[in-house]
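Make the full structure from the sequences, and use the hints.
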Amino acid sequence: MFKERPIVIIAYVVCTVMAALAVIPFFWVLMTALKPDPEINAWPPHVLPIAPTLEHFYRILGEENFLRYILNSLIIALCSMTAILFTSSLAGFIFAKYKFPGRGILFAVILATAIIPLEVYIIPLYLMVFGVRMMNSYVALVFPFVIMTFGVFFMRQVIMAIPDELLEAARIDGANEFWIYVRVVLALSKSGLMALGVFAFSEAWANFIWPLVVVTSKDMYTTELGLATYQRQFFIEYGPISAGAVISILPMLIVFALLRSHIMKGIATSGLRG
Amino acid sequence: MTAADDIAPRGNLAARFAEFRDTAKRDHLLWVVLALGPIFALFCIIRVYPILETIRLSFYRYHPTQRNRPFVGLENYYRLLEDDSFRTALTNTLQFCVMAVVITLTLAFLVAVLLRSIEKAAPIYELLLYIPVVTPWVPASVIWKWIFDPIHGILNYGLDAVGLPKLAWLQDEHVIIYAIVLVSVWKMLGYFVVVYGVGLRNIPDELLEAAELDGATAWQRLIYIVIPMMKPIILFTVIIATIIFFNVFAPVYVLTASAQGAPAYDFKVVIGEIYQNAFVFYRMGYAGAQSVALLVFVLMLVMIQFALFREKRGR
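Top to bottom, those sequences are chains A and B.
This note's numbering numbers the first residue of the first sequence as 1 and each following residue consecutively.
This note's numbering numbers the first residue of the second sequence as 1 and each following residue consecutively.
Hints in this document: simulated from the structure, not taken from any laboratory.
Please note: incorrect hints may appear among the correct ones.
Residues on chain A that point at chain B, a partial pick, calculated with CB under 8 Å [stated by the list, open to error]:
(1) Arg59
(2) Val120
(3) Ile209
Think about it this way: if two alpha-carbon atoms lie no more than 30 Å apart in a straight line, the pair counts; the simulated DSSO-like pairs of lysine-lysine are [claimed, not checked]:
(4) B/Lys120 / B/Lys231
(5) B/Lys268 / A/Lys218
(6) B/Lys268 / B/Lys166
(7) B/Lys120 / A/Lys3
(8) A/Lys265 / B/Lys231
(9) A/Lys265 / A/Lys190
(10) A/Lys97 / A/Lys265
(11) B/Lys120 / A/Lys190
(12) A/Lys97 / B/Lys25
(13) A/Lys265 / A/Lys3
(14) A/Lys99 / B/Lys25
(15) A/Lys99 / A/Lys190
(16) B/Lys120 / A/Lys265
(17) A/Lys218 / A/Lys97
(18) B/Lys231 / A/Lys3
Glycine included, each C-beta is placed from N, C-alpha and C at the ideal position.
Spelled out as structure tokens, the structure:
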């Protein structure tokens with residue numbers, strides 16, 4: 001865009017500084033997690049641990065049962081992702097490829113809720129869960145995350161790009177509509193599903209306020225909730241807290257590293273947030 | 001057709017039914033209903049109903065375990081106007097939100113524009129800047145809490161090293177807002193860099209080259225071509241960023257004071273107030289009124305966005 005030499009140099013300097021600032025805190029927390037206690041509080045602080053240790057990881061995984069929290073988060077995020085992929089693609093398919101009375105209104109109702117954040121209507125959601133005595137369960141934890149307005153909109157865009165002739169051809173071959181959904185539509189929108197899947201997974205994984213509200217016992221803690229609670233209780237114990245932070249970031253980083261091209265493409269086509 | 005209508009109305013009904021059945025079959029109406037019905041019902045249960053119910057709750061005094069839930073009209077709203085801690089939370093959140101939006105978007109725009117000058121290296125930078133975005137708010141804030149530590153924190157070490165006074169980042173009531181802004185900007189910057197990057201790549205090169213041939217400086221090209229062309233995207237990001245930052249909660253929960261007495265200033269925000277009133281004190285009607293205030297704020301933003309977009313299209 002701007003090829004003037006000074007601008008290119010400034011660009012390298014500024015972008016490198018920003019990228020470094022983005023990454024350094026991760027490096028720092030990893031180093032802290034690996035330092036034995038006396039080194040953590042050493043002044044002046046030194047960058048690399050002199051006697052690196054995994055004791056904080058043992059502590060947080062063993063005593064604090066973080067493994068359980070991670071498992072809970074995984075279960076919730078995977079269930080939510082599967083449900084959102086299913087509901088979004090099916091609803092997106094119907095809105096993209098069928099004519100029926102009231103289509104515009106139904107789609108408008110769904111879209112109208114898109115921008116309203118969960119925090120606005122969290123109280124009635126809680127009361128519903130409370131009313132059916134489902135507090136502190138996986139069902140309660142997953143339930144607000146089985147649909148995604150944005151997902152419906154996104155999958156509709158993706159599926160609209162599939163040519164109608166393909167669907168017609170399948171119909172002529174005697175396929176029913178469900179078969180077409182599974183074998184034609186899903187098969188042809190894999191990369192869209194991938195982008196949405198990553199997004200849905202990370203949304204469910206990262207949510208904090210909902211588990212904070214519906215979880216009442218430690219065995220149902222998610223990673224986020226476990227970490228937030230632990231760091232409030234043991235605010236001096238920076239070793240285990242850092243180890244917990246490292247552990248709870250790791251799954252997201254792995255997903256991101258594996259699927260980064262899909263994520264970046266998702267943002268490029270629709271402003272999808274990771 | 002009309003002649004047939006007069007002669008045999010009953011046959012006509014049957015014919016119309018048959019016709020309807022044919023269209024229904026051609027358009028696969030049964031399949032549409034079976035497939036979309038349950039999903040739409042879910043949307044109503046999980047989104048539409050709770051939003052409306054929040055509004056209804058705001059007119060009641062409501063405790064989840066008490067039978068007596070009297071209708072109190074606008075009482076909760078009157079109370080909202082007199083509630084000092086809600087007012088503090090609102091001012092804090094607005095201040096925080098404005099700072100975070102302006103800093104994040106300005107920096108993101110700057111970085112995105114600069115990245116277009118080093119197109120080949122851009123994907124790597126975008127990837128690195130995106131790592132904080134995929135990091136959930138809780139661990140992101142936890143990482144920074146240690147950096148902000150007044151005694152052992154690396155940030156104060158840095159300030160000290162260059163001869164500046166150390167700051168009580170999370171303990172000083174005037175400083176904590178900057179600490180939370182810092183974490184938030186750090187966390188969200190990458191997302192907006194990538195979004196701006198997409199928009200910037202869509203500006204045709206010929207336009208910029210033509211301007212360059214006419215002797216426009218880089219600054220002029222930025223002001224007269226790039227920014228005007230980016231206007232819709234900038235508008236979109238302002239709305240999105242405002243909503244994201246206005247809903248700030250997890251970093252506040254992690255970085256501020258706690259019941260166990262972690263030494264930090266109790267920085268109040270809107271979502272924190274809703275959380276406290278609804279789920280700590282179980283004043284759900286009152287918290288409902290606060291949620292409605294939040295809802296009105298979000299809807300106002302959306303309406304502003306629509307109005308500006310329409311104006312743009314009209315021109």
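Hint by hint, here is what the structure shows:
no. : hint                : result
1   : Arg59               : violated (16 Å)
2   : Val120              : holds (5 Å)
3   : Ile209              : holds (6 Å)
4   : B/Lys120 / B/Lys231 : holds (26 Å)
5   : B/Lys268 / A/Lys218 : holds (26 Å)
6   : B/Lys268 / B/Lys166 : holds (24 Å)
7   : B/Lys120 / A/Lys3   : holds (13 Å)
8   : A/Lys265 / B/Lys231 : holds (22 Å)
9   : A/Lys265 / A/Lys190 : holds (13 Å)
10  : A/Lys97 / A/Lys265  : holds (24 Å)
11  : B/Lys120 / A/Lys190 : holds (28 Å)
12  : A/Lys97 / B/Lys25   : holds (15 Å)
13  : A/Lys265 / A/Lys3   : holds (26 Å)
14  : A/Lys99 / B/Lys25   : holds (12 Å)
15  : A/Lys99 / A/Lys190  : holds (24 Å)
16  : B/Lys120 / A/Lys265 : holds (17 Å)
17  : A/Lys218 / A/Lys97  : violated (46 Å)
18  : B/Lys231 / A/Lys3   : holds (23 Å)
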